[in-house]
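As they're listed, the protein sequences go chains A and B. Going by the working numbering, 233 is the number at position 233 of the first sequence; the sequence numbering is gapless. Going by the working numbering, 1003 is the number at position 3 of the second sequence; the sequence numbering is gapless.
Misleading hints may appear alongside valid ones.
[Stated by the list, open to error] Okay, derived cross-link-like pairs now, DSBU-like style, lysine-lysine, Cα gap no bigger than 30 Å in a straight line:
{"hint": "1", "chain 1": "A", "residue 1": "K187", "chain 2": "B", "residue 2": "K1196"}
{"hint": "2", "chain 1": "B", "residue 1": "K1024", "chain 2": "A", "residue 2": "K244"}
{"hint": "3", "chain 1": "B", "residue 1": "K1255", "chain 2": "A", "residue 2": "K128"}
{"hint": "4", "chain 1": "B", "residue 1": "K1108", "chain 2": "A", "residue 2": "K128"}
{"hint": "5", "chain 1": "A", "residue 1": "K317", "chain 2": "B", "residue 2": "K1256"}
{"hint": "6", "chain 1": "B", "residue 1": "K1028", "chain 2": "A", "residue 2": "K291"}
{"hint": "7", "chain 1": "A", "residue 1": "K187", "chain 2": "B", "residue 2": "K1256"}
{"hint": "8", "chain 1": "A", "residue 1": "K294", "chain 2": "B", "residue 2": "K1108"}
{"hint": "9", "chain 1": "B", "residue 1": "K1196", "chain 2": "A", "residue 2": "K186"}
{"hint": "10", "chain 1": "B", "residue 1": "K1196", "chain 2": "A", "residue 2": "K294"}
{"hint": "11", "chain 1": "A", "residue 1": "K325", "chain 2": "B", "residue 2": "K1108"}
{"hint": "12", "chain 1": "A", "residue 1": "K317", "chain 2": "B", "residue 2": "K1029"}
{"hint": "13", "chain 1": "B", "residue 1": "K1025", "chain 2": "A", "residue 2": "K244"}
{"hint": "14", "chain 1": "A", "residue 1": "K263", "chain 2": "B", "residue 2": "K1256"}
{"hint": "15", "chain 1": "B", "residue 1": "K1108", "chain 2": "A", "residue 2": "K326"}
{"hint": "16", "chain 1": "B", "residue 1": "K1028", "chain 2": "A", "residue 2": "K294"}
{"hint": "17", "chain 1": "A", "residue 1": "K311", "chain 2": "B", "residue 2": "K1025"}
{"hint": "18", "chain 1": "A", "residue 1": "K85", "chain 2": "B", "residue 2": "K1108"}
{"hint": "19", "chain 1": "A", "residue 1": "K186", "chain 2": "B", "residue 2": "K1101"}
{"hint": "20", "chain 1": "B", "residue 1": "K1025", "chain 2": "A", "residue 2": "K139"}
{"hint": "21", "chain 1": "A", "residue 1": "K139", "chain 2": "A", "residue 2": "K69"}
{"hint": "22", "chain 1": "B", "residue 1": "K1051", "chain 2": "A", "residue 2": "K311"}
{"hint": "23", "chain 1": "B", "residue 1": "K1196", "chain 2": "A", "residue 2": "K139"}
{"hint": "24", "chain 1": "B", "residue 1": "K1108", "chain 2": "A", "residue 2": "K291"}
{"hint": "25", "chain 1": "B", "residue 1": "K1256", "chain 2": "A", "residue 2": "K128"}
{"hint": "26", "chain 1": "B", "residue 1": "K1051", "chain 2": "A", "residue 2": "K139"}
{"hint": "27", "chain 1": "B", "residue 1": "K1029", "chain 2": "A", "residue 2": "K244"}
Rather than coming from a laboratory, the hints here were simulated on the basis of the structure. Note that the structure is predicted; figures quoted are calculated from it, not measured.
What follows is each chain in one-letter form.
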Amino acid sequence: MSEIFVIVEHRLNEIRDITFEMLWKACELAQTHSHTVTAILLGHEANSLAQQISDRADKILLSDDERFKNFNAGAYKEVIAGLIKESNPILTLIGNTAWGMELAPCLAVSMGYPLATDCTDIAFQDGKLVAERQMYDGKIFSRVSFTDSPGYILSVRSGVFAKDPLGDRKAEIVKRDSPPEQAPSKKEFVEYVETAAGEVDIGQAELLVSVGRGIGEEENIAMVRELAEALGGIVSCSRPIVDKNWLPKYLQVGTSGKSVSPKVYLAVGISGAFQHMAGISGAGTVIAINKDPKAPIFRGADYGIVDDLFKIVPVLKQKAQEVRKK
Amino acid sequence: MDIVVCVKRVPLTEEVDLMIDAQKKGIKKDQLAFVLNDWDNYAIEEAVLIKEKHGGTVTAVTVGNEDDEEVLRRCLAMGADRAIRVEAGDMSRFDSYGIAKILSRVVKDQPYDLVFTGVLANDDYHSMVGMMMAEELGVNHVNMVIGIEVEDGRLRTTSELEGGLGEVSLIELPALLAIQTGINEPRYVSILGIRKAAKKELKVMDLSELGLSDEELAPRVLIEEVYLPPETEGAQILSGDPDTIAATVVDILTKKGVMG
């Protein structure tokens, strides 16, 4: 029997969903393998945060300190490494988020533990830890194992595990003094800024006509605009279009852009990276046009059109214009 | 400001039917085209932009075989001053930590104020080499960087968080930054540009020069098996000529009540 550590991610006084998802998976593993679940919560005036997860762990180690008011990977690493050395958990789970992606590798190197990132499933098979993950933009899956180690660190993909409590647990909240800072932090939090504010709120649209990398050239965006207009929908896009500066950030659907929930989402030339799919989980019906039959978008769509978008879009536009005239 | 940028050559896999190799440890790569990893393209551009504004040097580093020099030449054409390739033989014997150690050892001996990596490489999707290097080198680090301003020997960085939120930080040098796509608009590189850059220094180092033992480089993460995603129910595929397909789509949209 050992412990499973879950590093609690919170922002602006809210527990982030990834934390609930990791706790669900940790509880499932704990049930099957007689481990216990310990949530590691670093925060400032974080009692109310601890209460929100108290039915999902056996223990909460709460380190309350003003320097944890905002996330700082260096400070987190220092404190968590100390807790790992003390309790020797077999497994430490961290979210594969902007913050977790910074913390997990630093912690793994500092502890000398193996690390697998962005895991979509985790299991102990015959006592050996195995993890499932994806490569090549979700076109290839892989199963990884690890060399023997006193502990392992895995980062977990958002949205793959349930958010609900699992089983009947009542966490004991243990306050821990945070160790004195070794050296003054050389990274200083300044502020949060909105990076996706704009005049159109795609989160409110009923029909989104969304364009991705398959559109090829900037001048072809016009074709998608015309289609959206003909259908009475609003244009949105996937990340590569914003990266190329072809459309503004406020039209971007996905983890780093907006989550949308239209009645219908028409994806034009979008491959369907998981960060994009996470943003359309609230969509009613998803229709995807892509010439690659292996594009991950077809795994999450209701209807698929495996064809050249340049053949389909003009005909669809014309058909829509005809129907709407009537 | 001296900047070292760590880059990787990756296969182009979009709209390509990928096949698993015989050992089920990777994909068949012999028919694939290779490019500079997208994230690294933004990283090298950002380094060159900073150099153009504030002076200094840009060095591009990769671990790989002779074919991988192709991406270093591209970096030189984009404005890097010099490039280093570490010849490490069979790359499949390393995990990301091994690569991070090799790169850290190379970087440590270069003059640097900043080290850039891409946030991730779109082959293995590990997203860990950069931050492992930061820990190995013992320098400050920022992830998901979408904005950099140089301020009195410090940096003001903006990181991309989830949900359209950015995090602004002040950070002291030296530092390692993992660069996110979209931070800039990488310049176009012509064949002529690459030819001109052939005059620039491209140094080849052998792994044995770095003094890392086999034990230090032994992988901790082992690929058991790679496989194609299981066939799922997935989408109902609409087939027929474009007219038939368009009529079906309009029909679906009408039924869902989204067509005025």
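Unmet hints by their number, sorted upward, for this structure: 1, 2, 3, 4, 7, 8, 9, 10, 11, 12, 13, 15, 17, 21, 22, 23, 24, 25, 26
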